[in-house]
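Trainee: Listed here are the chains, written in short residue letters.
Number of protein chains: 2
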Amino acid sequence: MESPKRQIILQTPNLEGAKKAIKTGIARHRTVVIAGSCTVDYDGRASSKLEEGERLIIFKPDGSALVHRPKDYSPVNWQPSGSIFHTRIGKDGLVIRVFRRKERESMVISLTMIQMVAVLDLVDNGDFTLYATEKEMQEAILFKPDILEPGFRPMTKEMAVDPGFIDIIGYDADDILAVVEIKRVKANKKAVEQLKKYMDVIDLDDSRRVRGILVAPDITDNGSELLNQLGYEYKPLTPQECSEILKQKRGTPLTAFFEP
Amino acid sequence: MESPKRQIILQTPNLEGAKKAIKTGIARHRTVVIAGSCTVDYDGRASSKLEEGERLIIFKPDGSALVHRPKDYSPVNWQPSGSIFHTRIGKDGLVIRVFRRKERESMVISLTMIQMVAVLDLVDNGDFTLYATEKEMQEAILFKPDILEPGFRPMTKEMAVDPGFIDIIGYDADDILAVVEIKRVKANKKAVEQLKKYMDVIDLDDSRRVRGILVAPDITDNGSELLNQLGYEYKPLTPQECSEILKQKRGTPLTAFFEP
Numbered sequence: 001m002e003s004p005k006r007q008i009i010l011q012t013p014n015l016e017g018a019k020k021a022i023k024t025g026i027a028r029h030r031t032v033v034i035a036g037s038c039t040v041d042y043d044g045r046a047s048s049k050l051e052e053g054e055r056l057i058i059f060k061p062d063g064s065a066l067v068h069r070p071k072d073y074s075p076v077n078w079q080p081s082g083s084i085f086h087t088r089i090g091k092d093g094l095v096i097r098v099f100r101r102k103e104r105e106s107m108v109i110s111l112t113m114i115q116m117v118a119v120l121d122l123v124d125n126g127d128f129t130l131y132a133t134e135k136e137m138q139e140a141i142l143f144k145p146d147i148l149e150p151g152f153r154p155m156t157k158e159m160a161v162d163p164g165f166i167d168i169i170g171y172d173a174d175d176i177l178a179v180v181e182i183k184r185v186k187a188n189k190k191a192v193e194q195l196k197k198y199m200d201v202i203d204l205d206d207s208r209r210v211r212g213i214l215v216a217p218d219i220t221d222n223g224s225e226l227l228n229q230l231g232y233e234y235k236p237l238t239p240q241e242c243s244e245i246l247k248q249k250r251g252t253p254l255t256a257f258f259e260p
Numbered sequence: 001m002e003s004p005k006r007q008i009i010l011q012t013p014n015l016e017g018a019k020k021a022i023k024t025g026i027a028r029h030r031t032v033v034i035a036g037s038c039t040v041d042y043d044g045r046a047s048s049k050l051e052e053g054e055r056l057i058i059f060k061p062d063g064s065a066l067v068h069r070p071k072d073y074s075p076v077n078w079q080p081s082g083s084i085f086h087t088r089i090g091k092d093g094l095v096i097r098v099f100r101r102k103e104r105e106s107m108v109i110s111l112t113m114i115q116m117v118a119v120l121d122l123v124d125n126g127d128f129t130l131y132a133t134e135k136e137m138q139e140a141i142l143f144k145p146d147i148l149e150p151g152f153r154p155m156t157k158e159m160a161v162d163p164g165f166i167d168i169i170g171y172d173a174d175d176i177l178a179v180v181e182i183k184r185v186k187a188n189k190k191a192v193e194q195l196k197k198y199m200d201v202i203d204l205d206d207s208r209r210v211r212g213i214l215v216a217p218d219i220t221d222n223g224s225e226l227l228n229q230l231g232y233e234y235k236p237l238t239p240q241e242c243s244e245i246l247k248q249k250r251g252t253p254l255t256a257f258f259e260p
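Heads up: the sequence lines are chains X and V, in that order.
Heads up: the first sequence begins at 1 in this note's numbering, then just goes up one per residue.
Heads up: the second sequence begins at 1 in this note's numbering, then just goes up one per residue.
Treat the hints as calculated values from the structure; they're not laboratory data.
Among these hints, one or two may not hold up.
Which copy? The list can't say, so a pair holds if one copy fits it or any two copies do.
[To be verified] Mimicking DSS-like on lysine-lysine, the simulated pairs with C-alpha atoms at most 25 Å apart in a straight line are: (1) K247 with K20; (2) K197 with K135; (3) K102 with K189; (4) K135 with K5; (5) K196 with K247; (6) K189 with K91; (7) K20 with K197; (8) K23 with K189; (9) K5 with K249; (10) K23 with K71; (11) K197 with K157; (12) K71 with K186; (13) K249 with K190; (14) K102 with K23; (15) K247 with K189; (16) K190 with K144; (17) K249 with K235.
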């Protein structure tokens with residue numbers, strides 16, 4: 001038996017030809033991409049009507065569906081995975097109904113003209129890894145202060161001072177105050193100058209010795225030079241390491257930590 | 001001068017041919033759709049790494065960009081409109097950098113194999129209209145109670161009672177208590193039975209006369225029959241009318257009213 005082709009691409013097919021390719025593609029769990037002129041009617045929790053225009057329609061093997069206008073990153077209409085597809089030729093053209101039985105939700109795409117139907121066999125097993133933001137690096141240090149240095153005890157976070165917000169203030173193992181500035185990318189001279197502003201404020205408020213610590217995955221030569229001149233310290237720490245710590249903390253996927 | 005074709009579709013092009021078509025498509029403000037095997041590296045507020053796999057990539061004329069895996073309705077990586085595109089052939093294959101200068105954010109797509117490049121001229125001027133949910137119909141009545149009937153004064157909304165939540169309770173122009181149940185689609189017998197449950201609870205608590213009002217765009221014959229038997233009332237009101245009222249209220253697009 002001949003194995004089905006990995007891709008079928010039809011240019012300006014007639015509705016009957018398009019219908020056949022789309023139905024076959026969905027049945028074979030392929031990714032189906034359609035470009036054409038359509039209207040879209042949605043009815044569910046709300047309802048919406050999209051007038052005639054040329055759009056890109058994507059049906060995925062997991063039953064998710066997207067209608068994209070030629071602008072904006074978000075789809076104008078969509079259905080999540082698990083949707084059911086029904087394709088027929090009606091008086092309005094090629095009508096594709098995408099619905100979820102349980103939720104009583106349906107999206108009806110009526111295509112009058114089709115520029116392209118592409119049926120693609122996309123194989124994708126690649127891992128997706130999301131690394132921490134600066135806020136998450138801060139969270140990781142607060143959760144496990146030993147990653148900064150043994151005996152470090154964070155006292156406040158995001159303390160508002162005149163030049164901005166100090167990421168972390170704490171005491172080291174010898175009870176010396178430390179101001180911590182976090183960068184998630186290679187720290188430059190500017191980052192050191194930022195730390196200096198915070199140090200100046202703290203020095204005014206406190207006559208005790210204060211340590212300045214710059215946390216970043218790397219530091220530029222200029223940054224390092226200024227850091228040494230000012231007597232501050234550099235602590236290498238990567239967003240990746242912080243991601244790992246947060247994973248331990250919560251046992252949930254890292255994506256859950258991101259603010260919307 | 002020959003006018004450029006409305007669509008260019010390349011099947012399994014070599015990287016040089018793909019690069020030319022993509023660059024031309026972006027320059028001519030077309031919608032570019034690529035299917036192929038790629039990695040994606042994102043760096044910005046956070047950073048992410050997507051290992052090799054076959055995906056669908058979409059570049060829109062407004063500078064938005066999407067990378068879709070063959071599952072889930074949401075893209076795995078994306079950039080909003082206003083992004084800048086840079087395409088080159090490097091040692092990793094065809095490398096497309098999508099970036100925003102101001103935000104220091106970049107998404108780098110490295111394609112090693114390409115199944116399809118489609119350059120599409122999609123013309124879309126269709127209006128998109130979103131109609132209200134039941135919650136918004138409720139909101140419209142609370143904002144403009146006269147649409148229910150002149151003199152109506154809402155007292156509570158979503159009052160928790162044993163069988164569920166009563167949409168609106170209020171007093172009419174003659175100070176008679178009214179229980180309002182809202183449906184955004186054609187109300188059936190079941191909707192009337194739901195109203196009856198609420199009415200039964202209210203009747204227990206209150207010896208005064210209580211009116212039962214079912215608000216919906218339409219009502220079935222069975223529903224109407226039961227409604228009459230029980231002595232309740234039907235008030236026709238469509239989600240569309242409610243949408244219009246909410247627009248007056250806020251002067252913002254209706255989409256803003258939807259909860260995430």
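Trainee: Hint by hint, say whether it matches the structure.
Mentor: These are the hints, each one checked on the structure:
no.	hint	in the structure
1	K247 with K20	neither (46 Å within a copy, 43 Å between copies)
2	K197 with K135	within (20 Å within a copy, 50 Å between copies)
3	K102 with K189	between (58 Å within a copy, 20 Å between copies)
4	K135 with K5	neither (48 Å within a copy, 48 Å between copies)
5	K196 with K247	neither (32 Å within a copy, 51 Å between copies)
6	K189 with K91	neither (68 Å within a copy, 33 Å between copies)
7	K20 with K197	neither (67 Å within a copy, 50 Å between copies)
8	K23 with K189	neither (59 Å within a copy, 37 Å between copies)
9	K5 with K249	neither (47 Å within a copy, 55 Å between copies)
10	K23 with K71	between (27 Å within a copy, 18 Å between copies)
11	K197 with K157	within (17 Å within a copy, 52 Å between copies)
12	K71 with K186	neither (35 Å within a copy, 35 Å between copies)
13	K249 with K190	neither (32 Å within a copy, 48 Å between copies)
14	K102 with K23	within (23 Å within a copy, 44 Å between copies)
15	K247 with K189	neither (32 Å within a copy, 51 Å between copies)
16	K190 with K144	neither (27 Å within a copy, 56 Å between copies)
17	K249 with K235	within (22 Å within a copy, 54 Å between copies)
The structure does not agree with the numbered hints 1, 4, 5, 6, 7, 8, 9, 12, 13, 15, 16 stated previously, though it agrees with the rest.
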